[in-house]
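Asks: Let the hints inform the model, and build the full structure from the sequences given.
Read top to bottom, the protein sequences are chains V and U. Every letter in the first sequence is one number past the one before it in the numbering used here, and letter 343, counting from 1, is 343. Every letter in the second sequence is one number past the one before it in the numbering used here, and letter 47, counting from 1, is 422.
Careful: at least some of the hints might be erroneous.
What the hints assert, rightly or not - Some chain U residues judged to face chain V by a derived CB distance under 7 Å, without partners named:
no.	residue
1	Pro380
2	Ala412
3	Asn413
4	Phe459
5	Asp463
6	Asp466
7	Gln480
8	Asn515
9	Asp636
10	Ser642
11	Val654
12	Ala660
13	Glu736
14	Cys739
Everything labelled a hint here was simulated from the structure, so no lab data went into it. Note that this is a predicted model, so its numbers are computed, not measured. For each residue, glycine too, the CB sits at the ideal point set by N, CA and C.
Number of protein chains: 2
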Amino acid sequence: MKHRPIKASILTHNLSHNLSRVKNMTNSAPTWAVVKANAYGHGLEPALKAFRESEGIALLDLEHAAFARDLGWVGRILLLEGVFAEADYDDAVNISCEIVIHHEQQITWLIQWLGKQGPQKAAELLAKCPIWLKLNSGMNRLGFKSAQYGVSYEILKQIGCTVHHLTHFANADDPQIFPSVQDQWGIFSKATLYVDGLKSAANSAAIIGYSFTHADMTRPGIMLYGASPSGNYQDIADLDLKAGMNLRSEIIALQELQTGDTVGYGSQYVAPKNTKIAVIACGYADGYPRSAPNGTPVWVGKAENILDGQIAPIVGRVSMDMMMIDVSNISHAHIGSPVELWGELNPIDDVALPAKTVGYELMCGLTNRVKQEIL
Amino acid sequence: MKHRPIKASILTHNLSHNLSRVKNMTNSAPTWAVVKANAYGHGLEPALKAFRESEGIALLDLEHAAFARDLGWVGRILLLEGVFAEADYDDAVNISCEIVIHHEQQITWLIQWLGKQGPQKAAELLAKCPIWLKLNSGMNRLGFKSAQYGVSYEILKQIGCTVHHLTHFANADDPQIFPSVQDQWGIFSKATLYVDGLKSAANSAAIIGYSFTHADMTRPGIMLYGASPSGNYQDIADLDLKAGMNLRSEIIALQELQTGDTVGYGSQYVAPKNTKIAVIACGYADGYPRSAPNGTPVWVGKAENILDGQIAPIVGRVSMDMMMIDVSNISHAHIGSPVELWGELNPIDDVALPAKTVGYELMCGLTNRVKQEIL
Chain V
1 MKHRPIKASI LTHNLSHNLS RVKNMTNSAP TWAVVKANAY GHGLEPALKA FRESEGIALL
61 DLEHAAFARD LGWVGRILLL EGVFAEADYD DAVNISCEIV IHHEQQITWL IQWLGKQGPQ
121 KAAELLAKCP IWLKLNSGMN RLGFKSAQYG VSYEILKQIG CTVHHLTHFA NADDPQIFPS
181 VQDQWGIFSK ATLYVDGLKS AANSAAIIGY SFTHADMTRP GIMLYGASPS GNYQDIADLD
241 LKAGMNLRSE IIALQELQTG DTVGYGSQYV APKNTKIAVI ACGYADGYPR SAPNGTPVWV
301 GKAENILDGQ IAPIVGRVSM DMMMIDVSNI SHAHIGSPVE LWGELNPIDD VALPAKTVGY
361 ELMCGLTNRV KQEIL
Chain U
376 MKHRPIKASI LTHNLSHNLS RVKNMTNSAP TWAVVKANAY GHGLEPALKA FRESEGIALL
436 DLEHAAFARD LGWVGRILLL EGVFAEADYD DAVNISCEIV IHHEQQITWL IQWLGKQGPQ
496 KAAELLAKCP IWLKLNSGMN RLGFKSAQYG VSYEILKQIG CTVHHLTHFA NADDPQIFPS
556 VQDQWGIFSK ATLYVDGLKS AANSAAIIGY SFTHADMTRP GIMLYGASPS GNYQDIADLD
616 LKAGMNLRSE IIALQELQTG DTVGYGSQYV APKNTKIAVI ACGYADGYPR SAPNGTPVWV
676 GKAENILDGQ IAPIVGRVSM DMMMIDVSNI SHAHIGSPVE LWGELNPIDD VALPAKTVGY
736 ELMCGLTNRV KQEIL
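Replies: Right, here's the structure in full:
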């Protein structure tokens, strides 16, 4: 049975390579390899294999932390949003997770939880689960503002926690926007000036652009997967970062258009001349963005060798299961020709940009009808 | 272990209700209930249960057709894009599928396949697998143009196939755009004037707006799932169609902003006054559109009863795992407050519209980290 011919190949060796590039850029500072969102769509299993040189992984869900342990991950695990309920501290101990605390509710839960445990279990949490207290330095999403940060720290120390410190940058990918990395770093430095503990602040964009933020542990995410935090592919190509995923499919039909013929829903493309178009088995229900306009690049290879190919532009609106491209200039295009939607031949950033989004959304948005193969 | 609190509840009774509304609108014309794309994100299993009164289901992949049979589906199954390889005709017979043919390559594969079979297997395919020949009447995606349609029909008849006819409308949701439903219906009627077989043309928009297209079998898709083909929720509310899915989560943090504070990546929201915001456990890696701008509606309920609630607007850019809303006017908002991203209280069309997309893309785009519950 031939599956509908769309497939995502996960390039484990490129993921590993990207981690080593991060290490190289940061004087080998310890890393939390960010593997939330199913490792940005790449799958937790290949990501753990690829990132085995990372000191830690960072994710959201205790269930995924437990899965990582089941897969044999013995390194550190950080719960980036902490717990979602008091009882989660039970599991966090059992799984040996380090835990973000970003809100006073989580401190209350922790104190209540500790009060209900025998001394051994309580001691176990305090020993095995360092707390990473989160400062809201201007992102205004998660974390304590500076005025509340000190008292939160003191409470956690009083109950016996090991406390480390983290914050998150809002605009590390664009120096023109307030608050800047310098602004936020200044606030973070001030709030953590007289306290013990490790510090972590740098996401991918800050790893690349602001070495003064590398601190005690970096948190690379998007750069591990070979897309640019700024959306500009050249930024990461210059750093020798490589695609983590090839999303490929095939041509399943061809049409010969006459001048003036229109294509697809809403007839958003009008052929300016006689045009040969190809239909590709990929649509928005696979996770390809419906917002990709006419002209968005698709790589079309020769059947015997996809590396020998060229770019063709999308024509007409991307539909649920299909998209159309202009192959007037590609004489070898035929039913079964391999195409790359994004990957090593067609950078994901070059697709995200015209679609008015970022590579992050594309890779995370792959749906489960797309088969994965791990290379 | 409390899972990150986002969940999609599939409203099987609403899906069934919507099918009965379709039957009511079409004088009980037989239906291909379209369940491709994992039943538009709702899951094949609940969809088959909900659509058991439908004569047939329509989907893309033989693997999913086989799964439907495994689940006990004994009705008709249509492969909407036909086969992707010659050998697929084997499985199509075994699974008893009706098969679209949209391209001459598929006819060639069929003739080659028949030539390789013993007479019994060949006869079995001809008996069990009616062909639905697809006319390209102006969509310019899949299908034969009129000039090739007749000869394709003749070839298929000569080899002994039962042949039916279908086409697909490009602009049934917008009468202002060429080609119109009338244009395409005229071309379809002319191409099928002197041939035997059933006819099918009407998608959801044509079921609603163009009763002359209902013909022998309709193909309802989006309307079964309670979203509007035009994107205008009122269109389907007026028809008493109901949401097929509630996507709900919870507030996981609160922040008090001062005038001038900015929110989220790119600082795209600036607080015009002191503002209370809430952080919700839902982001684009769940399938919520990153393109949803400031003002996109989110329903915030009281913890004891989500029905008692009100709309709050998104502030700041939707991020991978979270979004922020302005809850200055919602005194009951607290950690754990239930929210509805889309569903019965907050129509999916009202989210899709500001995000510059359609309900189709949102429901199909849910990722597998979102837990499903079938109601």
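Asks: Checking each numbered hint in turn, tell me which of them this model violates, lowest number first.
Replies: none
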